[in-house]
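Student: Protein chains in written order, with my numbering: chain F, 1 to 256; chain W, 1 to 374.
By construction, these hints were calculated from the structure, which means they are not laboratory data. One or more of the hints may lead you astray.
[As the list claims (entries may be wrong)] List time: in silico DSS-like cross-link candidates among lysine-lysine, alpha-carbon distance up to 30 Å:
hint	chain 1	residue 1	chain 2	residue 2
1	W	271	W	191
2	F	79	W	120
3	W	196	F	162
4	F	27	W	60
5	F	79	W	214
6	F	46	W	253
7	W	134	W	191
8	W	36	W	134
As the structure is a computational prediction, the values presented were derived from the model and not from experiment.
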Amino acid sequence: MKNLLKIANKEFTSRLFIGTGKFSSSKQMQEAVLASESELVTTALKRIDMHNAEDDILTHLKHTHINLLPNTSGVRTAKEAVFAAALAREALDTNWIKLEIHPDPRYLLPDPIETLKAAAELVKLGFVVMPYIHADPVLCKRLEDVGVQCVMPLGAPIGSNKGLKTLEFLEIIIEQSNVPVIIDAGIGAPSHAAYAMEIGADAVLVNTAIAVSQNPVAMAKAFKMAVEAGRLGYEAKLAPVKNQAEASSPLTSFLN
Amino acid sequence: MHNFKTLFDTYNWDSSLKSIFNKTAAHVTQALAKEKLDLEDFKALISPAATPFLEQMAQKSSLLTKKRFGNTIQMYAPMYLSNECQNICTYCGFSMTNKIPRRTLTDLEILKEVAFLKEKGYDHILLVTGEANKIVGVAYLKKAIQLIRSQFSNITIEVQPLDQEEYELLIEHGLYAVLVYQETYHRDEYKKHHPKGKKSNFDYRLETPDRLGKAGVHKIGLGALFGLEDWRADSFFTALHLRYLQKTYWKTKYSISFPRLRPHSGGLEPKVEMTDTDLVQLICAFRLFDEDIELSMSTRESEVFRNHIVQLGTTSISAASKTNPGGYTLETESLEQFEISDERSTEEVVEMLKNQGLEVVWKDWSQFEARQPS
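Take these sequences, add in the hints, and give me the full structure.
Tutor: Right under this line is the structure:
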């Protein structure tokens with residue numbers, strides 16, 4: 001039986017989550033999302049008109065297998081994030097929220113202090129909280145303590161396509177976590193995604209690498225396959241890495 | 001370093017310009033190979049030595065822009081609220097001594113202009129005035145912002161420099177960004193072009209972005225008016241200003257605009273010409289210098305130029321702009337601050353962008369402060 005990913009009360013067949021920014025049209029975004037077979041798609045609240053049923057981005061995401069994950073991109077404080085989440089819940093009829101608080105507009109690096117504060121409050125308000133954070137194992141445990149349903153550490157600065165630069169810390173997070181670990185930023189190639197899955201990440205979130213490629217639809221499919229391959233490899237238990245060939249037992253053969 | 005002026009005063013215009021002209025092809029190659037560029041790299045990229053590398057710069061600029069901003073262009077519309085002005089600026093149609101009819105929009109007139117822009121699809125607006133503190137001071141600006149706040153996701157102003165507390169007040173009422181161009185960083189030339197009015201105070205203007213940063217504004221727009229002085233030196237000082245601000249007010253976003261002197265009712269010819277090639281070089285140089293800075297292009301530039309520049313590093317543009325108060329619905333024939341060059345309609349520009357595979361972004365901001373629009 002396939003080992004399904006479960007976040008809060010929802011089960012996911014696909015372990016690939018997609019972001020909707022940077023595509024050259026909403027139609028292209030839709031085609032890429034469909035090709036990826038992703039079931040969880042995140043979109044920035046600041047980009048959509050929540051009170052307009054005809055909103056271009058939302059209209060293109062209306063498929064029964066796609067769950068919409070609004071994110072708070074653009075907010076700078078916990079207070080703003082809580083306010084944005086409340087608006088989203090009311091207008092979009094979902095209590096899921098991807099918590100992104102990045103007061104630094106250049107590298108969009110998450111503010112750990114505000115994120116922890118907002119996460120605690122949002123959990124109390126009944127949200128399923130998915131926080132975007134640094135690959136900080138202690139912060140992950142603190143977030144787990146306040147009741148988040150998963151953690152989303154970054155592999156590299158968002159949009160950088162540099163891969164798993166935070167590998168050492170991601171491995172510790174995966175080792176210690178009691179909630180799903182979703183690697184959120186910096187994944188720039190299918191091989192990065194496969195690697196993330198091989199080290200035991202529960203899912204990955206990809207946006208720039210798909211949206212900005214020459215062929216977003218084909219790239220979305222490539223990521224789908226990479227995530228599946230990586231996961232399968234993880235579940236099949238990778239053979240250990242060895243630095244030299246192992247001969248028969250020259251040191252202990254005398255025992256025979 | 002308490003403010004930019006302290007840093008600025010340690011630089012000399014002539015020696016800065018000379019060091020730009022001393023850059024060689026080797027410096028340019030080095031800058032092109034780097035991921036994080038410093039001010040010396042920027043000088044190399046705007047130097048005459050970089051001209052043979054223009055295509056390479058453009059390719060890199062285009063790639064970096066797409067990586068950071070995706071295949072998108074943000075649309076905005078300027079809306080002139082008043083042409084009252086107590087400054088003399090040698091290059092501006094609104095200059096105090098110009099004998100033109102003066103107009104300041106009333107609430108009803110503002111709403112009429114707003115309705116026109118909303119109909120076209122605009123959701124990011126730039127409010128513009130001259131400097132006339134009794135007529136279009138902070139109280140007027142605050143009222144205008146309150147009046148339109150519920151209709152726009154993103155409100156920017158380009159008005160006279162204000163004090164920190166005044167900015168704080170406007171931010172509280174929904175102001176997102178402020179554009180304040182130094183015009184020129186050449187102190188003496190600045191004096192020549194701004195002989196009278198509050199604007200003649202070079203230092204007060206120079207320190208405006210510091211006051212904005214302290215007030216916690218979301219975005220600050222910088223720039224120089226090209227044509228007043230050597231564009232290379234002015235661009236270097238703009239880059240110096242940018243780097244200082246980024247390090248000091250790290251929560252603020254920055255944008256750069258590239259206004260070139262245009263014909264207007266007052267008639268100043270550019271002292272130093274900036275060609276199309278120069279402008280492309282500069283835009284690419286800024287993108288290579290800074291991957292995430294917003295680069296803005298107005299309708300001052302021609303149709304052909306704008307059709308190409310949207311692929312080269314620019315991230316936001318306006319269309320079918322009117323640069324006189326009431327220009328969209330009330331006084332469609334009256335005198336403008338400067339003549340626009342790209343006269344296509346919003347629909348035509350949107351079509352052009354779509355045909356180039358660029359998504360037109362109307363809305364990219366929401367006010368999530370825990371205050372309801374009043």
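Student: Hints first: check each against the structure and report whether it holds.
Tutor: Going down the list of hints, with the structure as the test:
1. Between residue 271 of chain W and residue 191 of chain W the alpha-carbon distance is near 15 Å, which keeps this suggested pair within the 30 Å criterion.
2. The suggested pairing of residue 79 of chain F with residue 120 of chain W is violated, with an alpha-carbon distance near 34 Å, which exceeds 30 Å.
3. Taking the CA atoms of residue 196 of chain W and residue 162 of chain F, the gap is near 53 Å; set against the 30 Å cutoff, the hint is violated.
4. For the given pair, residue 27 of chain F sits about 27 Å from residue 60 of chain W by alpha-carbon distance, which is consistent with the 30 Å threshold.
5. Distance hint between residue 79 of chain F and residue 214 of chain W is fulfilled; the C-alpha atoms sit about 20 Å from each other, no more than 30 Å.
6. At most 30 Å may separate the alpha-carbon atoms for a hinted pair to count; residue 46 of chain F and residue 253 of chain W meet this at roughly 16 Å.
7. Taking the CA atoms of residue 134 of chain W and residue 191 of chain W, the gap is about 24 Å. The hint holds against a cut of 30 Å.
8. Taking the CA atoms of residue 36 of chain W and residue 134 of chain W, the gap is about 46 Å. The hint is violated against a cut of 30 Å.
The structure does not agree with the numbered hints 2, 3, 8 stated previously, though it agrees with the rest.
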